[in-house]
Amino acid sequence: MTTRVALRRDAGRIGPESGPWIRQRQVAKIWGPPDTASLAQLVDHRDIVLGWGLLAPDADIPLRLVQFGDKPPAADWFERRLASALAARAGLGLGETLDTTAYREVNSEGDGLPGLVVDRYGDDRVVQLGTPAMAARGAAILEFLRPRTSGQIFVIAGEAAPDAPESVLEFREHGLWFSCPAPPAQKTGAYLDQRDNRRLAASLAARTGGPLLDLGCHVGGFVVHAAAAGVRAVGLDQSARALSFARRNAARNDLAEKTAFVQADMFGALDDPALAGPFGVIVFDPPRIATGSQGRERAVAAMARSLGRLVPRLAPGGFLLACSCSHHVGRADLDAALLAAGPHGFTRVHALGPGPDHPVWPGHAEGEYLRVNVYQRRDT
1 MTTRVALRRD AGRIGPESGP WIRQRQVAKI WGPPDTASLA QLVDHRDIVL GWGLLAPDAD
61 IPLRLVQFGD KPPAADWFER RLASALAARA GLGLGETLDT TAYREVNSEG DGLPGLVVDR
121 YGDDRVVQLG TPAMAARGAA ILEFLRPRTS GQIFVIAGEA APDAPESVLE FREHGLWFSC
181 PAPPAQKTGA YLDQRDNRRL AASLAARTGG PLLDLGCHVG GFVVHAAAAG VRAVGLDQSA
241 RALSFARRNA ARNDLAEKTA FVQADMFGAL DDPALAGPFG VIVFDPPRIA TGSQGRERAV
301 AAMARSLGRL VPRLAPGGFL LACSCSHHVG RADLDAALLA AGPHGFTRVH ALGPGPDHPV
361 WPGHAEGEYL RVNVYQRRDT
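Going left to right, the sequence shown walks through residues 1 to 380 as full-length UniProt numbering numbers them.
The reader is advised that the hints may include incorrect statements.
[Said to hold, decoys possible] Across the chosen pairs, the derived CB separations fall in these ranges: (1) S150 <-> D10: 51 to 57 Å; (2) G69 <-> S239: 44 to 50 Å; (3) D10 <-> A157: 21 to 27 Å; (4) V49 <-> S203: 49 to 55 Å; (5) K29 <-> S150: 44 to 50 Å; (6) V155 <-> G317: 57 to 63 Å; (7) S239 <-> A37: 34 to 40 Å.
No lab work stands behind these hints, which were simulated from the structure alone. Keep in mind it's a predicted model, so treat the numbers as computed, not measured. Idealized CB from N, CA, C, for every residue including glycine.
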(Lines of atoms letter the chains of each structure in order from A and count residues from 1; the text may use other names and numbers.)
(Lines give C-alpha, C1' and ligand atoms only; values in the text may rest on other atoms or scores of the structure.)
Protein backbone atom coordinates (compact mmCIF):
# COMPACT_ATOMS: atom_id res chain seq x y z
CA MET A 1 0.00 0.00 0.00
CA THR A 2 1.36 3.41 -1.00
CA THR A 3 1.49 5.97 1.77
CA ARG A 4 -0.31 9.18 0.85
CA VAL A 5 0.41 12.59 2.32
CA ALA A 6 -2.65 14.81 1.92
CA LEU A 7 -2.23 18.58 1.97
CA ARG A 8 -4.50 21.10 3.64
CA ARG A 9 -6.65 23.31 1.44
CA ASP A 10 -4.57 26.32 2.54
CA ALA A 11 -1.17 24.60 2.05
CA GLY A 12 -0.17 27.07 -0.64
CA ARG A 13 1.11 26.53 -4.13
CA ILE A 14 3.24 23.39 -4.43
CA GLY A 15 5.64 22.96 -7.33
CA PRO A 16 9.31 23.03 -8.27
CA GLU A 17 9.49 26.76 -7.51
CA SER A 18 8.31 26.17 -3.90
CA GLY A 19 11.11 23.74 -3.14
CA PRO A 20 11.09 20.09 -2.09
CA TRP A 21 10.10 20.45 1.58
CA ILE A 22 6.56 19.82 2.80
CA ARG A 23 6.10 21.09 6.34
CA GLN A 24 3.91 19.70 9.06
CA ARG A 25 1.67 22.80 9.04
CA GLN A 26 0.80 22.09 5.39
CA VAL A 27 -0.31 18.49 6.00
CA ALA A 28 -3.93 17.52 6.65
CA LYS A 29 -3.43 13.77 7.06
CA ILE A 30 -1.08 10.91 6.28
CA TRP A 31 -2.81 7.80 4.98
CA GLY A 32 -1.25 4.35 5.12
CA PRO A 33 1.74 2.88 6.94
CA PRO A 34 4.48 5.33 7.99
CA ASP A 35 7.05 3.47 5.90
CA THR A 36 10.28 5.47 5.67
CA ALA A 37 11.81 2.84 3.36
CA SER A 38 9.27 3.50 0.57
CA LEU A 39 8.30 6.53 -1.45
CA ALA A 40 5.18 8.38 -0.31
CA GLN A 41 2.72 10.06 -2.65
CA LEU A 42 1.82 13.73 -2.17
CA VAL A 43 -1.74 14.78 -3.00
CA ASP A 44 -3.56 18.09 -2.66
CA HIS A 45 -6.97 18.60 -1.03
CA ARG A 46 -8.64 17.54 -4.31
CA ASP A 47 -6.69 14.24 -4.33
CA ILE A 48 -4.55 15.31 -7.29
CA VAL A 49 -1.08 13.76 -7.19
CA LEU A 50 1.61 16.46 -6.97
CA GLY A 51 4.76 14.45 -6.37
CA TRP A 52 6.68 11.72 -4.57
CA GLY A 53 8.99 11.93 -1.62
CA LEU A 54 10.74 10.51 1.43
CA LEU A 55 8.68 10.27 4.59
CA ALA A 56 9.46 11.34 8.17
CA PRO A 57 5.92 11.46 9.61
CA ASP A 58 6.77 12.90 13.04
CA ALA A 59 9.29 15.52 11.87
CA ASP A 60 8.72 19.22 11.23
CA ILE A 61 9.38 18.36 7.58
CA PRO A 62 7.36 15.14 7.16
CA LEU A 63 7.96 14.86 3.42
CA ARG A 64 10.96 15.74 1.25
CA LEU A 65 10.09 15.48 -2.41
CA VAL A 66 12.36 13.71 -4.86
CA GLN A 67 10.12 14.18 -7.89
CA PHE A 68 7.21 16.41 -8.87
CA GLY A 69 4.32 15.18 -11.00
CA ASP A 70 1.91 12.27 -10.91
CA LYS A 71 4.36 9.62 -12.14
CA PRO A 72 6.68 8.02 -9.56
CA PRO A 73 10.45 7.82 -10.12
CA ALA A 74 11.85 4.72 -11.78
CA ALA A 75 12.42 1.73 -9.51
CA ASP A 76 16.20 2.29 -9.56
CA TRP A 77 16.03 6.07 -9.00
CA PHE A 78 18.09 5.93 -5.82
CA GLU A 79 21.09 4.11 -7.28
CA ARG A 80 20.93 6.22 -10.45
CA ARG A 81 21.05 9.45 -8.49
CA LEU A 82 23.96 8.23 -6.38
CA ALA A 83 25.86 7.34 -9.55
CA SER A 84 24.96 10.68 -11.13
CA ALA A 85 26.19 12.62 -8.09
CA LEU A 86 29.56 10.87 -8.08
CA ALA A 87 29.92 11.30 -11.84
CA ALA A 88 29.17 15.02 -11.51
CA ARG A 89 31.97 15.43 -8.94
CA ALA A 90 34.40 13.54 -11.15
CA GLY A 91 33.46 15.96 -13.92
CA LEU A 92 34.61 18.91 -11.80
CA GLY A 93 38.21 17.70 -12.08
CA LEU A 94 39.10 18.74 -8.56
CA GLY A 95 41.83 16.15 -8.12
CA GLU A 96 43.40 16.68 -11.55
CA THR A 97 43.31 20.48 -11.88
CA LEU A 98 43.33 21.73 -8.29
CA ASP A 99 45.35 19.00 -6.51
CA THR A 100 42.40 18.51 -4.15
CA THR A 101 41.27 15.16 -2.74
CA ALA A 102 38.53 16.34 -0.34
CA TYR A 103 35.13 17.37 -1.66
CA ARG A 104 31.42 16.69 -1.27
CA GLU A 105 30.14 13.86 -3.43
CA VAL A 106 26.47 13.98 -2.40
CA ASN A 107 24.78 17.17 -1.22
CA SER A 108 21.32 16.17 -0.03
CA GLU A 109 18.51 17.95 -1.94
CA GLY A 110 21.06 19.45 -4.33
CA ASP A 111 21.60 15.97 -5.77
CA GLY A 112 17.99 14.86 -5.44
CA LEU A 113 18.85 12.74 -2.37
CA PRO A 114 17.31 14.64 0.58
CA GLY A 115 18.92 13.90 3.92
CA LEU A 116 22.09 12.29 2.54
CA VAL A 117 25.56 13.84 2.62
CA VAL A 118 28.70 12.07 1.43
CA ASP A 119 32.08 13.78 1.82
CA ARG A 120 35.26 12.34 0.37
CA TYR A 121 38.64 12.68 2.10
CA GLY A 122 41.29 11.01 -0.02
CA ASP A 123 40.49 7.31 0.04
CA ASP A 124 37.95 7.65 2.88
CA ARG A 125 34.33 8.72 2.92
CA VAL A 126 32.10 10.25 5.57
CA VAL A 127 28.38 9.50 5.20
CA GLN A 128 25.77 11.52 7.08
CA LEU A 129 22.26 10.02 7.29
CA GLY A 130 20.18 13.03 8.28
CA THR A 131 16.63 11.66 8.00
CA PRO A 132 14.79 8.44 8.91
CA ALA A 133 14.35 7.71 5.20
CA MET A 134 18.10 7.83 4.59
CA ALA A 135 18.81 5.82 7.74
CA ALA A 136 16.45 3.17 6.34
CA ARG A 137 18.56 3.15 3.17
CA GLY A 138 21.87 3.02 5.02
CA ALA A 139 22.68 -0.53 3.98
CA ALA A 140 21.97 0.26 0.32
CA ILE A 141 24.19 3.35 0.49
CA LEU A 142 27.09 1.38 1.94
CA GLU A 143 26.59 -1.38 -0.62
CA PHE A 144 26.86 1.25 -3.36
CA LEU A 145 29.93 2.99 -1.90
CA ARG A 146 32.07 0.04 -0.77
CA PRO A 147 33.18 -1.08 -4.26
CA ARG A 148 34.05 2.57 -5.00
CA THR A 149 35.99 3.22 -1.77
CA SER A 150 39.47 1.89 -1.06
CA GLY A 151 39.60 3.40 2.45
CA GLN A 152 37.23 3.55 5.39
CA ILE A 153 33.59 4.63 5.40
CA PHE A 154 32.48 6.57 8.48
CA VAL A 155 28.74 6.83 9.10
CA ILE A 156 27.05 9.60 11.09
CA ALA A 157 23.51 8.65 12.12
CA GLY A 158 22.03 10.19 15.27
CA GLU A 159 24.22 10.70 18.32
CA ALA A 160 27.78 9.41 18.13
CA ALA A 161 28.97 7.01 20.79
CA PRO A 162 31.02 8.96 23.37
CA ASP A 163 33.61 6.21 23.64
CA ALA A 164 34.09 5.74 19.91
CA PRO A 165 37.78 5.49 18.96
CA GLU A 166 39.36 8.48 17.24
CA SER A 167 40.43 8.19 13.62
CA VAL A 168 42.01 10.79 11.37
CA LEU A 169 41.08 11.86 7.85
CA GLU A 170 44.00 12.81 5.57
CA PHE A 171 43.57 14.87 2.39
CA ARG A 172 45.05 17.50 0.10
CA GLU A 173 43.47 20.88 -0.64
CA HIS A 174 44.92 23.09 -3.39
CA GLY A 175 48.21 21.20 -3.03
CA LEU A 176 48.42 21.50 0.78
CA TRP A 177 48.27 18.58 3.20
CA PHE A 178 45.60 18.51 5.91
CA SER A 179 44.26 16.15 8.52
CA CYS A 180 41.14 16.44 10.65
CA PRO A 181 39.34 14.21 13.13
CA ALA A 182 37.00 11.62 11.66
CA PRO A 183 33.53 11.09 13.13
CA PRO A 184 32.51 11.34 15.85
CA ALA A 185 33.68 14.93 15.27
CA GLN A 186 32.48 18.36 14.26
CA LYS A 187 30.18 18.10 11.24
CA THR A 188 31.66 15.76 8.63
CA GLY A 189 35.26 16.83 9.15
CA ALA A 190 36.82 19.93 7.62
CA TYR A 191 34.08 22.29 6.39
CA LEU A 192 34.63 21.55 2.72
CA ASP A 193 32.10 24.22 1.76
CA GLN A 194 34.73 26.89 2.55
CA ARG A 195 37.43 25.32 0.36
CA ASP A 196 37.36 27.87 -2.49
CA ASN A 197 36.94 30.75 -0.05
CA ARG A 198 40.10 29.70 1.80
CA ARG A 199 42.09 30.10 -1.39
CA LEU A 200 40.52 33.50 -2.12
CA ALA A 201 41.28 34.76 1.40
CA ALA A 202 44.90 33.69 0.99
CA SER A 203 45.21 35.62 -2.28
CA LEU A 204 43.69 38.73 -0.66
CA ALA A 205 46.11 38.43 2.25
CA ALA A 206 49.05 38.14 -0.14
CA ARG A 207 47.89 41.27 -1.98
CA THR A 208 47.59 43.31 1.20
CA GLY A 209 50.80 41.89 2.64
CA GLY A 210 48.85 40.35 5.51
CA PRO A 211 48.79 39.23 8.17
CA LEU A 212 45.57 37.20 8.27
CA LEU A 213 43.41 36.53 11.34
CA ASP A 214 40.87 33.69 11.30
CA LEU A 215 38.32 33.51 14.11
CA GLY A 216 36.79 30.05 14.29
CA CYS A 217 39.78 28.48 12.54
CA HIS A 218 38.92 24.82 13.32
CA VAL A 219 41.82 22.78 11.83
CA GLY A 220 43.53 25.79 10.29
CA GLY A 221 42.33 25.88 6.69
CA PHE A 222 42.34 29.66 6.19
CA VAL A 223 45.54 30.04 8.24
CA VAL A 224 47.57 27.41 6.38
CA HIS A 225 46.46 28.68 2.97
CA ALA A 226 47.46 32.24 3.89
CA ALA A 227 50.84 31.13 5.25
CA ALA A 228 51.44 29.16 2.05
CA ALA A 229 50.77 32.40 0.14
CA GLY A 230 53.64 34.00 2.05
CA VAL A 231 51.98 35.99 4.86
CA ARG A 232 51.81 35.61 8.62
CA ALA A 233 48.56 34.11 9.85
CA VAL A 234 46.86 33.74 13.23
CA GLY A 235 44.03 31.32 14.02
CA LEU A 236 41.67 31.41 16.99
CA ASP A 237 39.38 28.64 18.18
CA GLN A 238 37.82 27.58 21.47
CA SER A 239 38.58 23.90 20.88
CA ALA A 240 41.96 22.62 22.05
CA ARG A 241 41.46 19.52 19.94
CA ALA A 242 40.85 21.54 16.77
CA LEU A 243 43.90 23.69 17.46
CA SER A 244 46.09 20.62 17.90
CA PHE A 245 45.14 19.60 14.35
CA ALA A 246 45.67 23.16 13.10
CA ARG A 247 49.22 23.23 14.48
CA ARG A 248 49.88 19.80 13.02
CA ASN A 249 48.65 20.93 9.60
CA ALA A 250 50.84 24.04 9.65
CA ALA A 251 53.89 21.96 10.61
CA ARG A 252 53.23 19.30 7.97
CA ASN A 253 53.31 22.00 5.27
CA ASP A 254 56.51 23.53 6.77
CA LEU A 255 54.56 26.66 7.75
CA ALA A 256 54.77 26.54 11.55
CA GLU A 257 57.04 29.62 11.68
CA LYS A 258 54.49 31.69 9.74
CA THR A 259 51.51 30.72 11.93
CA ALA A 260 50.24 31.21 15.47
CA PHE A 261 47.17 29.83 17.22
CA VAL A 262 45.16 31.16 20.17
CA GLN A 263 42.63 29.25 22.23
CA ALA A 264 39.84 31.68 23.08
CA ASP A 265 36.16 32.51 22.59
CA MET A 266 35.66 34.41 19.33
CA PHE A 267 32.82 36.34 20.99
CA GLY A 268 35.02 37.24 23.96
CA ALA A 269 37.39 40.11 24.74
CA LEU A 270 40.09 39.08 22.20
CA ASP A 271 42.81 40.53 24.42
CA ASP A 272 45.65 38.15 23.49
CA PRO A 273 48.62 40.17 22.08
CA ALA A 274 48.66 37.99 18.96
CA LEU A 275 45.22 39.38 18.08
CA ALA A 276 46.19 43.06 18.22
CA GLY A 277 46.69 43.63 14.51
CA PRO A 278 46.55 45.48 12.26
CA PHE A 279 45.56 42.68 9.88
CA GLY A 280 45.29 42.74 6.13
CA VAL A 281 42.51 40.12 6.18
CA ILE A 282 40.16 39.07 8.98
CA VAL A 283 37.94 35.99 8.64
CA PHE A 284 34.95 35.98 11.01
CA ASP A 285 33.50 32.47 10.75
CA PRO A 286 31.18 31.80 13.72
CA PRO A 287 29.32 28.53 14.32
CA ARG A 288 25.61 28.41 13.60
CA ILE A 289 24.18 30.85 16.13
CA ALA A 290 20.61 31.08 14.80
CA THR A 291 18.79 27.77 14.43
CA GLY A 292 15.47 29.46 13.67
CA SER A 293 14.04 32.75 12.51
CA GLN A 294 13.40 33.82 16.13
CA GLY A 295 17.11 33.78 16.89
CA ARG A 296 18.08 35.96 13.95
CA GLU A 297 18.04 39.32 15.76
CA ARG A 298 20.09 37.95 18.67
CA ALA A 299 22.59 36.46 16.24
CA VAL A 300 22.98 39.75 14.37
CA ALA A 301 23.48 41.63 17.65
CA ALA A 302 26.14 39.14 18.80
CA MET A 303 27.98 39.40 15.50
CA ALA A 304 27.82 43.21 15.62
CA ARG A 305 29.44 43.24 19.06
CA SER A 306 32.27 41.00 17.87
CA LEU A 307 32.75 42.92 14.64
CA GLY A 308 32.92 46.11 16.67
CA ARG A 309 36.03 44.68 18.37
CA LEU A 310 37.50 43.42 15.09
CA VAL A 311 37.03 46.32 12.69
CA PRO A 312 39.61 48.57 14.43
CA ARG A 313 42.16 45.76 13.98
CA LEU A 314 41.70 45.71 10.19
CA ALA A 315 44.16 47.85 8.24
CA PRO A 316 42.78 50.48 5.84
CA GLY A 317 42.33 48.77 2.50
CA GLY A 318 42.11 45.42 4.23
CA PHE A 319 39.42 42.77 3.74
CA LEU A 320 36.85 41.31 6.14
CA LEU A 321 35.21 37.97 5.37
CA ALA A 322 31.99 37.73 7.40
CA CYS A 323 30.45 34.26 7.27
CA SER A 324 27.06 32.80 8.14
CA CYS A 325 26.32 29.07 8.09
CA SER A 326 22.68 29.59 9.11
CA HIS A 327 19.96 29.88 6.48
CA HIS A 328 18.19 32.34 8.79
CA VAL A 329 21.11 34.79 8.81
CA GLY A 330 21.38 36.07 5.26
CA ARG A 331 23.58 38.52 3.40
CA ALA A 332 21.48 41.49 4.49
CA ASP A 333 21.93 40.40 8.11
CA LEU A 334 25.71 40.29 7.67
CA ASP A 335 25.52 43.81 6.22
CA ALA A 336 23.41 44.92 9.21
CA ALA A 337 25.88 43.46 11.71
CA LEU A 338 28.78 45.26 10.06
CA LEU A 339 26.92 48.58 9.89
CA ALA A 340 26.05 48.27 13.58
CA ALA A 341 29.70 47.60 14.44
CA GLY A 342 30.87 51.15 13.91
CA PRO A 343 31.27 54.10 11.55
CA HIS A 344 34.16 52.75 9.48
CA GLY A 345 33.72 52.86 5.70
CA PHE A 346 33.23 49.48 4.01
CA THR A 347 32.14 48.28 0.61
CA ARG A 348 31.15 44.74 -0.26
CA VAL A 349 33.39 43.32 -3.00
CA HIS A 350 32.36 39.64 -3.07
CA ALA A 351 29.25 37.64 -2.21
CA LEU A 352 30.37 34.02 -1.92
CA GLY A 353 29.04 30.59 -1.00
CA PRO A 354 30.19 26.99 -1.33
CA GLY A 355 31.93 25.55 -4.36
CA PRO A 356 30.25 23.61 -7.19
CA ASP A 357 30.49 20.34 -5.25
CA HIS A 358 27.68 21.75 -3.04
CA PRO A 359 24.86 22.15 -5.60
CA VAL A 360 21.44 23.57 -4.66
CA TRP A 361 18.06 22.39 -5.95
CA PRO A 362 16.53 25.42 -7.73
CA GLY A 363 13.74 26.76 -5.55
CA HIS A 364 15.19 25.24 -2.37
CA ALA A 365 16.10 28.41 -0.48
CA GLU A 366 17.11 26.43 2.62
CA GLY A 367 19.85 24.76 0.60
CA GLU A 368 21.71 28.09 0.47
CA TYR A 369 22.94 27.90 4.03
CA LEU A 370 26.47 29.35 3.64
CA ARG A 371 26.97 33.03 2.91
CA VAL A 372 30.34 34.74 2.89
CA ASN A 373 30.37 38.51 2.38
CA VAL A 374 33.78 40.01 1.62
CA TYR A 375 34.12 43.69 2.57
CA GLN A 376 36.99 46.08 1.96
CA ARG A 377 37.73 48.84 4.46
CA ARG A 378 37.87 52.20 2.72
CA ASP A 379 38.10 54.88 5.39
CA THR A 380 37.92 58.48 4.19
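We went through each hint and held it up to the structure:
1. S150 <-> D10: 51 to 57 Å: Distance hint for S150, D10 holds at roughly 52 Å.
2. G69 <-> S239: 44 to 50 Å: holds (46 Å)
3. D10 <-> A157: 21 to 27 Å: For D10 and A157 the Cβ distance comes to about 35 Å; the hint is violated.
4. V49 <-> S203: 49 to 55 Å: holds (51 Å)
5. K29 <-> S150: 44 to 50 Å: holds (48 Å)
6. V155 <-> G317: 57 to 63 Å: violated (47 Å)
7. S239 <-> A37: 34 to 40 Å: holds (37 Å)
In summary, the structure is inconsistent with hints 3 and 6 from the numbered list given earlier, while agreeing with the others.
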